[in-house]
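*Asks:* Sequence:
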Amino acid sequence: MDVGSFGFTIAGLVVGFIVGMTGVGGGSLMTPILLWFGISPATAVGTDLLYAAITKASGVWVHSKHKNIDWKITGWLTLGSVPAAAATLWFLSTLNTDTQAANAVIKQGLAVVLVLTALAILFKSKLQAFASKHAGDRYHLSGTSLNLLTVITGVILGVMVSLTSIGAGALGTVALFLLYPYLVTRRLVGTEIAHAVPLTLVAGLGHASMGNMDWSLLGYLLLGSLPGIYLGSHLTGRISDSVLRPCLAGMLLMIGYKLAF
740 MDVGSFGFTI AGLVVGFIVG MTGVGGGSLM TPILLWFGIS PATAVGTDLL
790 YAAITKASGV WVHSKHKNID WKITGWLTLG SVPAAAATLW FLSTLNTDTQ
840 AANAVIKQGL AVVLVLTALA ILFKSKLQAF ASKHAGDRYH LSGTSLNLLT
890 VITGVILGVM VSLTSIGAGA LGTVALFLLY PYLVTRRLVG TEIAHAVPLT
940 LVAGLGHASM GNMDWSLLGY LLLGSLPGIY LGSHLTGRIS DSVLRPCLAG
990 MLLMIGYKLA F
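Heads up: the sequence shown begins at 740 in my numbering, then just goes up one per residue.
No lab work stands behind these hints: they were computed from the structure. You may find that some hints are simply not true.
[What the hints assert, rightly or not] With a straight-line Cα cutoff of 30 Å, these simulated DSS-like cross-link-like pairs (lysine-lysine) come out: (1) 863 with 804; (2) 863 with 806; (3) 863 with 997; (4) 865 with 997; (5) 811 with 865.
Based on the provided sequences and hints, a complete structural model is requested.
*Replies:* Structure below.
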């Protein structure tokens, strides 16, 4: 294994460790890291999408086994996200002849979504408290309106994830907290992961069909991330969430600012 390959494996190990310990930060860290390594924005996004689909698939099996997935909510989200992903991929394919234009669009999209993700991580507890406080009053939706908003949420996530590979985790979970304040946290997390797998798989395969994929790079990332996730999951709770989340949010804000300017 050469120095570059070893670096990708270490990157996978570090990101996997953070994801295992905090539950967030996968795409929002991996894609900027790949850009830092000199990988083009389109290839970084395409590779990270399939990386996310593979790593989260095992999470679906575990959450399904423990009945932590609301498949109805997953279905409504997917109804919006997968068609939106297909439309976004089509848009990117129209720019495929102009590589610089496509990479510029992806890079600016990354900057915006990184900042939104940082804010979601930073204010997650306050948003959760707001959702819990207003559960059951006029703020709380039900029936057709709730299903429609869930589909619209899926559309927004589908566009963001297909364009940047970021958003399914932190932003998706916060959106579900606001829409479904009665659902316990473990079912919200399980539902978000179950939705992320088909979305990242469809978006990743779409990018691969456009040539935005580095299969050997994907292998090196998985080589490091799988043991990293295992190690990180065993340290969950050892470091205060009040310390981890501001640090992660601050890092994402700095990366987003540098990408934008």
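*Asks:* Work down the list of hints and note, for each, if the structure agrees.
*Replies:* Evaluated hints:
1. 863 with 804: holds, 27 Å
2. 863 with 806: holds, 24 Å
3. 863 with 997: Holds - the C-alpha atoms of residue 997 and residue 863 are around 24 Å apart, at most 30 Å.
4. 865 with 997: Roughly 27 Å between the alpha carbons, so the hint for residue 865 and residue 997 holds.
5. 811 with 865: It holds: about 27 Å lies between the C-alpha atoms, which stays within 30 Å.
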